[in-house]
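Novice: Chains as they are written, first to last, in my numbering: chain A, 1 to 405; chain B, 1 to 110.
It is worth saying that the hints were derived from the structure and are not from the lab.
From the three backbone atoms N, C-alpha and C, an ideal C-beta is built for every residue, glycine too.
It is possible that part of the hints are untrue.
[To be verified] Below, in silico cross-link-like pairs of lysine-lysine (BS3-like), each with a Cα-Cα straight-line distance of 30 Å or less:
#, chain 1, residue 1, chain 2, residue 2
1, A, Lys157, B, Lys96
2, A, Lys159, A, Lys68
3, A, Lys157, A, Lys68
4, B, Lys70, B, Lys96
5, A, Lys159, B, Lys96
6, B, Lys70, A, Lys157
[Claimed, not checked] Using C-beta positions, here's what the derived DEER-type ranges look like:
#, chain 1, residue 1, chain 2, residue 2, range
7, B, Gln3, A, Asp322, 34 to 42 Å
8, A, Ala160, B, Asp11, 42 to 50 Å
9, B, Tyr61, A, Asp31, 43 to 51 Å
10, A, Ala160, B, Lys70, 57 to 65 Å
11, A, Ala265, B, Phe107, 51 to 59 Å
12, B, Ala56, A, Arg74, 42 to 50 Å
13, B, Phe39, A, Ala272, 48 to 56 Å
14, B, Ala33, A, Thr43, 34 to 42 Å
[Claimed, not checked] Residues of chain B clear of chain A, computed beta-carbon distances all greater than 12 Å:
#, residue
15, Thr2
16, Ser7
17, Asp13
18, Ala23
19, Ala40
20, Pro46
21, His83
22, Leu88
23, Ala92
24, Asn99
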Amino acid sequence: MSGVGDALTRVHHEEWARVVATVARRFGDLDLAEEMAAEAFATAVERWPVDGVPPAPGAWLTTTANRKAIDRLRREARRDEKHREALVLSATPEPLGAIDDDRLRLVFTCCHPALAMEARVALTLRLVGGLTVAEIAHAFLVQETAMGQRITRAKAKIKAARIPYGVPLRDDLPARVTGVLAVLYLIFNEGYLASGPGAEAVRADLTGEAIRLTRLVHALLPADGEVAGLLALMLLTEARRAARVSASGELVTLAEQDRGAWDRALIAEGHALVRARLAAGQAPGRYQILAAINAVHTDAPDVRDTDWSQILALYDQLLRVDASPIVRLNRAIAVAELDGPEVALAQVADLPLADYHAYHAVRADLLRRLGRSGDSRAAYDRAIELSGNTAEQAYLTRRRDQLAT
Amino acid sequence: MTQYLISVLHDSDARATDDEMAAIDVFNERLQADGQWVFAGGLAGPDAATVIDARAAAPVYTDGPYVESKEFVIGFWIVEAPHLDVALRLAAAGSKACNRRVEVRPFLDA
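In isolation and in its complexed conformation, chain B is listed as follows:
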């Protein structure tokens, strides 16, 4: 089994609607029932981000995201799947549930 990160892509400060939240709940419950759920969460927008660089002597704090772009990650699922075809099917259901584009990437082997 491999764990996959399904990132939810977003391009505005609009929150998920009630309908979207309800659909996401249904999807989450199905993932849990099927044993594919690892973790999921929503994120605050990029304006809430702070970049820290502590590689030098004193950490440097920078207001804002590390890369300015129209689209950003607004939430994610971590799912467990035997191979990419299953992960893609889950991601398609997730995209439909949250009504947004998603990106799928496998975790590297432990």
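Bound conformation, chain A alone:
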């Protein structure tokens, strides 16, 4: 029985977006698509333990969802003749855009610029990532009812404003892709540092989906440096995933990771993308610089071989593109390696990041290295309180408890 349960969980992760996307393409209605996907999975929960898991679970779910959608629309059409016409019209998918991937259409629809940024992320996680409203609400620290309303409003706007269900035409693509990359990166990060007390420390389903979708966008726009940069950044980060959480479920920092456990194939692919961008000779954007920083880290066979001056130079370059406090915070980590923790501590002192767990974690580490145990302990406490990731909390707790009293 637990075999069926595992299969359901796995199929949900792998197939949710495909089921939603296929029904949405066929009927042009995101609400209907989501409801029918949910009904199809509910049917699977009832039937699979009795009938066994079908040989092609994804196809089974898509067929079930499509049939349920047709049944639903037929029932409604009997009540309303006009609706029947609408069904016939919308059941013929409009060929739109340059690439034929249902999930990518779904991504571009969810990331449409006519939607607020927070609505884009929420919709993408719900419809493409298959996260529950509760999970999304927790990831973004808002009430579940508020998140539910945000998603409902976004779907209503898609319908009312006639936001097209498809990949934009080639002329519109570059402008639209920036927003898509921002959303995909947020999803990747939520997967890489998953939040929630019951959540796995790393949600490979989310990082995997973010990478898969970014690969598709890269295939569509191979000359776009930022798409390549984001893909490289994700690959170089994902390559370290296995080494990032210990057997006891504790976060392992970059410095302490077993570099032999890094995924060499992903690193090679990421490095190749970074090199290709350097060869292109164009001024790099944010993602390309972040990818280059990760390339320097993953280039070092041992943490002691890390080229910190190169990393600092890349952070200086990044500051010119993005002078945010978070960039300054990360730059300070390189400063600590080159100029010592005292200089770094002074540089982060005034950053307006009091509610950001990593800010306190960085400060805690710098204070520990300066022997200021009491201040360090307070900073660890604050970081543990603000972190939503179980592995990170375990790591920070151990570091705090190792402090001299």
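Let chain A serve as the given structure and place chain B on it in line with the hints.
Specialist: Chain B in isolation, oriented as in the chain A frame:
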């Protein structure tokens, strides 16, 4: 095809300049050539507005616009487009032509 209202937002009593008028003419001609044109027009400012409420027995006339705000609608286009992406592109060209912010809203289905 859906019709979209592109409202032109404005916040002073300055009229469109000659350059802006010329750019608007070019944009209008392109809309007509491409079959996206339905109707367009400029409006007098809010000080020319009168609000009428005839829901009661005798109509009541009130001098001025129905809502006092810094910004108001000074003109509009009605365009025809297959979906929002096309309407947004037209609205962006319209904003550039008239040198003002614009708002896009779809008409409800007939």
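Novice: Per the stated criterion, does the least C-beta distance between B:Ala23 and chain A lie above 12 Å, as a non-interface residue requires?
Specialist: For B:Ala23, whose nearest Cβ neighbour in chain A is about 20 Å away, the distance exceeds 12 Å, so it holds.
Novice: Confirm or reject the claim that A:Ala265 and B:Phe107 have a C-beta distance inside 51 to 59 Å.
Specialist: 53 Å, holds
Novice: Taking the Cβ atom of A:Ala160 and the Cβ atom of B:Lys70, is their distance within the range 57 to 65 Å?
Specialist: 27 Å, violated
Novice: Within 34 to 42 Å: is that where the Cβ-Cβ distance between B:Gln3 and A:Asp322 falls?
Specialist: The hinted range 34 to 42 Å holds for B:Gln3 and A:Asp322, with Cβ atoms some 41 Å apart.
Novice: Would you say the C-beta atoms of B:Ala56 and A:Arg74 sit inside 42 to 50 Å of each other?
Specialist: 48 Å, holds
Novice: Given the proposed pairing of B:Lys70 with B:Lys96, does the C-alpha separation stay at or below 30 Å?
Specialist: With Cα atoms ~21 Å apart, B:Lys70 and B:Lys96 stay inside 30 Å; holds.
Novice: Given the hint of 43 to 51 Å, check if B:Tyr61 and A:Asp31 actually sit that far apart at their C-beta atoms.
Specialist: 44 Å, holds
Novice: Quick check for students: does the CB of B:Leu88 sit more than 12 Å from each CB in chain A?
Specialist: Answer for B:Leu88: violated, closest chain A Cβ roughly 7 Å.
Novice: Are the Cα atoms of A:Lys157 and B:Lys96 separated by 30 Å or less?
Specialist: It holds: about 25 Å lies between the C-alpha atoms, which stays within 30 Å.
Novice: In this structure, is the beta-carbon distance linking B:Ala33 and A:Thr43 contained in 34 to 42 Å?
Specialist: About 53 Å separates the Cβ atoms of B:Ala33 and A:Thr43, which means 34 to 42 Å is violated.
Novice: Can we confirm that no CB of chain A comes within 12 Å of the CB of B:Thr2?
Specialist: 5 Å, violated
Novice: Next pair to validate is A:Lys159 with B:Lys96; report whether the Cα-Cα distance is within 30 Å.
Specialist: Distance of about 27 Å is within 30 Å: holds.
Of the numbered hints stated above, those contradicted by the structure are hints 8, 10, 14, 15, 21, 22 and 23, listed in ascending order.
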